[in-house]
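Participant: Below, each chain spelled out in residue letters.
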Amino acid sequence: MTSTMLRQPVTGPDALAENVPKILLVDDRWENLLATEKVLRPLPARIFKASSGNEALSLVLRHRFAIVLLDVQMPEMDGFETAMLMQEHEGMAGVPIIFVTAISKEEKYASRAAEIGAVDYIFKPINPDILKSKVAVYIDLYLQREQILRLNAVLSQSNEELERFAYICSHDMQEPVRMMNAFAGLLAEHAAEKLDDGSRRYLNFILDNARRMQKMINDILTFSRVGREDIIVETVDCEAVLAEVLSEFEDQIRETDAQVTYGHLPRLEASSTLVRILFQNLIGNALKYQDGNRRPEVEIAAVRQRHAWRFAVKDNGIGIDETFRSRIFTIFQRLHRKEDYPGTGIGLSTCRKFIQLYGGEIDFVSAPGEGTTFQFTLPVKEAPLP
Amino acid sequence: MKPFKILVVEDNEGDVEMTQRALAKSPHPCSLTIANDGMHALELLRPEPGTGAPLIPQLILLDINMPRMDGKDLLVAVKSDPGLRHIPVVMFTSSESPTDIRECYERHASCYVVKPFNSGKYTQALHDVVNFWGTISRLPH
Numbered sequence: 001m002t003s004t005m006l007r008q009p010v011t012g013p014d015a016l017a018e019n020v021p022k023i024l025l026v027d028d029r030w031e032n033l034l035a036t037e038k039v040l041r042p043l044p045a046r047i048f049k050a051s052s053g054n055e056a057l058s059l060v061l062r063h064r065f066a067i068v069l070l071d072v073q074m075p076e077m078d079g080f081e082t083a084m085l086m087q088e089h090e091g092m093a094g095v096p097i098i099f100v101t102a103i104s105k106e107e108k109y110a111s112r113a114a115e116i117g118a119v120d121y122i123f124k125p126i127n128p129d130i131l132k133s134k135v136a137v138y139i140d141l142y143l144q145r146e147q148i149l150r151l152n153a154v155l156s157q158s159n160e161e162l163e164r165f166a167y168i169c170s171h172d173m174q175e176p177v178r179m180m181n182a183f184a185g186l187l188a189e190h191a192a193e194k195l196d197d198g199s200r201r202y203l204n205f206i207l208d209n210a211r212r213m214q215k216m217i218n219d220i221l222t223f224s225r226v227g228r229e230d231i232i233v234e235t236v237d238c239e240a241v242l243a244e245v246l247s248e249f250e251d252q253i254r255e256t257d258a259q260v261t262y263g264h265l266p267r268l269e270a271s272s273t274l275v276r277i278l279f280q281n282l283i284g285n286a287l288k289y290q291d292g293n294r295r296p297e298v299e300i301a302a303v304r305q306r307h308a309w310r311f312a313v314k315d316n317g318i319g320i321d322e323t324f325r326s327r328i329f330t331i332f333q334r335l336h337r338k339e340d341y342p343g344t345g346i347g348l349s350t351c352r353k354f355i356q357l358y359g360g361e362i363d364f365v366s367a368p369g370e371g372t373t374f375q376f377t378l379p380v381k382e383a384p385l386p
Numbered sequence: 001m002k003p004f005k006i007l008v009v010e011d012n013e014g015d016v017e018m019t020q021r022a023l024a025k026s027p028h029p030c031s032l033t034i035a036n037d038g039m040h041a042l043e044l045l046r047p048e049p050g051t052g053a054p055l056i057p058q059l060i061l062l063d064i065n066m067p068r069m070d071g072k073d074l075l076v077a078v079k080s081d082p083g084l085r086h087i088p089v090v091m092f093t094s095s096e097s098p099t100d101i102r103e104c105y106e107r108h109a110s111c112y113v114v115k116p117f118n119s120g121k122y123t124q125a126l127h128d129v130v131n132f133w134g135t136i137s138r139l140p141h
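These protein sequences, in sequence, are chains L and H.
For the first sequence, position 150 (counting from the first letter as 1) is numbered 150 according to the numbering used here, and the numbering increases by one without interruption.
For the second sequence, position 61 (counting from the first letter as 1) is numbered 61 according to the numbering used here, and the numbering increases by one without interruption.
Just so you know, the hints here were simulated from the structure itself, not pulled from any lab data.
All C-beta atoms in this analysis are idealised placements derived from N, C-alpha and C, irrespective of residue type, glycine included.
The reader is advised that the hints may include incorrect statements.
Said to hold, decoys possible - Going by beta-carbon spacing under 7 Å, a handful of chain H positions derived as facing chain L:
1) G14
2) M18
3) S26
4) S94
5) F117
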């Protein structure tokens, strides 16, 4: 797939020539232009010549250059002025300009060049070897940058396609799995008396797996919605979100006699969906990953830092072995058998994906057998603390 | 009690079966007409001249994902037709997508119900819909 996508479509006779780096030489003296051109000709590049600032500017409007060699002393518009005007043009962003000059190596010229954004300075008389190797380095940089830009475009396209695929797949699978669950359920009801134990067991396998599949589909959908849908930033009352999330875990908390405590949680400008997803997953995990030999304890806290709020969800559960650190946030990675701790392996990757998109971070510290503390930061959008 | 006339627009046979089962047991009696997609529904609501009387349901129960004409397009067609736009349209779909929810309300859906996964809750949701629109709400004649 990748190799075919890498092939650029040929859109016109000039399409191939477009990929060859272009060098712009600007000098008011024709003999200088010819001499420089001769030095640079062995390089894999097309050379354009301009004998005035104006001529150079009109070329910049029509071409994207890899590098510009600019004579400082020219009549009418000098090199500095030309460079400044060039840089107003969008296509010149990031294009290196090398000033070529015969005037003395005074500091003030060099610093003026630096202010304009020139990356280099060459003095006349030019040493052809130095000039050639310098320009060759810039051409290389240009080609590498172009290559990276092309690869990025290809990657982000294929990434988009994959996400779209996952979204549509899971979206469209909701209906069939719901049907399987519903009719297996109806069959279990209707035929309860007619079925023997073996057949009832089979039906239960179908029902259990339909429910698991439904959970997976939901989790995949939540994962792929992150990034697809706009993040709405509003005032979020974290204590209210926490209360809602805790009510979802009500049964589980009662059954396991878990103790959930929390300190003051802030109201802050954030995405309420993000805060909910984080609480749901981290508290859900804290309650789930317990060995059953002691009363589960979960503690939620938040402290204000200069540019962010740092939240912590601490438990006294089974902990996470350090060797799993790199896998814990990876999608579909599960560290336990589903019989021991059921799950889809999507929750923490959704948390990380969302929080990274939002500009925060998530991490954990853990002591196996003693517990885990997950920490995440939500950047503060209003003015930072002094 | 007069039966509550509902047009069910749904392409999935399983869902049609579930809906019929649920509403057969509804406390408020219902009479259902089934259309398999948006196009079929429009043929019933706006029949070609000379092909019979148009169907005027009291409620439309509408799925989103359907072949030929999907739920959103039918919704727009119903709500832009002066003879039909008074009919409440209840979206009844698997999609929990916030985009779908928003777009349906923007196209004047009366409400949006996600089909519950659990079949007991599915039945209950349909009973609640019928109870609300058939008993609690006043509808135009």
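Participant: None of the hints should be skipped; say for each whether it holds.
Facilitator: So, going through the hints one by one against the coordinates:
no.: 1; hint: G14; verdict: 4 Å, holds
no.: 2; hint: M18; verdict: 6 Å, holds
no.: 3; hint: S26; verdict: 17 Å, violated
no.: 4; hint: S94; verdict: 4 Å, holds
no.: 5; hint: F117; verdict: 5 Å, holds
Violated hints amount to a single one, hint 3; each of the other numbered hints is respected by the structure.
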